[in-house]
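Position chain B against the provided structure of chain A, taking the given hints into account.
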Amino acid sequence: QKEVEQDPGPLSVPEGAIVSLNCTYSNSAFQYFMWYRQYSRKGPELLMYTYSSGNKEDGRFTAQVDKSSKYISLFIRDSQPSDSATYLCAMNGVGYGQNFVFGPGTRLSVLP
Amino acid sequence: EAGVTQSPTHLIKTRGQQATLRCSPISGHTSVYWYQQALGLGLQFLLWYDEGEERNRGNFPPRFSGRQFPNYSSELNVNALELEDSALYLCASSRRGNLNYGYTFGSGTRLTVV
Chain A
5 QKEVEQDPGP LSVPEGAIVS LNCTYSNSAF QYFMWYRQYS RKGPELLMYT
55 YSSGNKEDGR FTAQVDKSSK YISLFIRDSQ PSDSATYLCA MNGVGYGQNF
105 VFGPGTRLSV LP
Chain B
247 EAGVTQSPTH LIKTRGQQAT LRCSPISGHT SVYWYQQALG LGLQFLLWYD
297 EGEERNRGNF PPRFSGRQFP NYSSELNVNA LELEDSALYL CASSRRGNLN
347 YGYTFGSGTR LTVV
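First to last, the sequence lines map onto chains A and B.
Residue numbers for the first sequence follow my numbering, beginning at 5 and rising by one.
Residue numbers for the second sequence follow my numbering, beginning at 247 and rising by one.
Chain B extracted, bound-state conformation:
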């Protein structure tokens, strides 16, 4: 079974630009979660998508947005990049309503804003 795949692995952008990160969940998983892991801050919840809809978002500004496609893959967009957006962005997936096995995470996209 293929795991959660994220692309690109690394992304370097300049301040003010936009970044697009992509995630493919495990087959059969309908929920996709996005987390930001900044140095020293741990994992911060960004967004939860299920069945194509945004179900919840964390305490992040509106320039962090995303969507989920009919095949359950997802995209995270970060507009007007700021230096502090530099972090590892992790995508995870699960079957909706079944957290008995937690999330399955991808390896992340390392975003560097210069």
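Pulled out of the complex, with its shape left as it was, chain A reads as follows:
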């Protein structure tokens, strides 16, 4: 079993839809959770960062962490064609130093 699993997609939604992207993980030591967005031919860029459990909102983006279920989600409201990208979850915790463990990514297409 991989440390971090992510719905592989690809996921296609119409413009304006609410998108839910999810990751599950196996190691309860993870405490720091991040979501990155990666456009084609570019490096990943940090979207959201959360520590431990709970929700965090930033504009159209909401990140949720449920440590009891080892499950994190990223919600995108009012999705736009410019949101079309690959979304990567990443995690860090005790024993991992400065290294993040990344999920394989979910490719999202928002159709106009």
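Keep in mind the hints are simulated off the structure, nothing from the lab.
What you were told as hints is all true, and nothing was included just to trick you.
A few chain B positions that, by computed beta-carbon distances, are all more than 12 Å from chain A: (1) Leu257; (2) Thr260; (3) Arg261; (4) Gln264; (5) Thr266; (6) Arg268; (7) Gly298; (8) Pro307; (9) Ser311; (10) Asn317; (11) Asn323; (12) Leu329.
Quick partial rundown of chain A residues pointing at chain B, CB under 7 Å, derived from the structure: (13) Pro48; (14) Leu50; (15) Phe106.
Estimated spans, in silico, between C-beta atoms of each pair: (16) B:Glu300 x A:Gly99: 16 to 26 Å; (17) B:Leu287 x A:Gln35: 16 to 26 Å; (18) A:Leu115 x B:Gly298: 44 to 54 Å; (19) B:Leu287 x A:Ser77: 17 to 27 Å; (20) B:Gly262 x A:Ser73: 43 to 53 Å; (21) A:Gly99 x B:Glu299: 14 to 24 Å; (22) A:Lys46 x B:Ser311: 23 to 33 Å; (23) B:Glu328 x A:Lys6: 15 to 25 Å; (24) B:Pro308 x A:Ala21: 43 to 53 Å; (25) A:Gly97 x B:Asn323: 22 to 32 Å; (26) B:Pro308 x A:Glu7: 20 to 30 Å.
As the structure is a computational prediction, the values presented were derived from the model and not from experiment.
Virtual Cβ for every residue (Gly too), placed ideally from N, Cα, C.
Below, chain B without anything else, positioned relative to chain A:
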């Protein structure tokens, strides 16, 4: 503020050759990380450098090596290239001990081994 810069953008090598990839971190960042992003495999951690020293390495063979220079820029060397080394190599930087803002990634070097 300039971001993380990587060079070259693309690199084509033949099997058995050596490849050298370069990375300049954001000013003030002392930690540099190297990741391999192969098709369908996600980002795999390669190496972490801080203050000129290798702090950690991922599960890659010794032919993947690198170094960090006094100005915190870094070089990744891949010896005896194999076809499966073809991937996007991403460099990232951060302030040491401060992961509150995660890493900042460069745009990567696309290495193709033929």
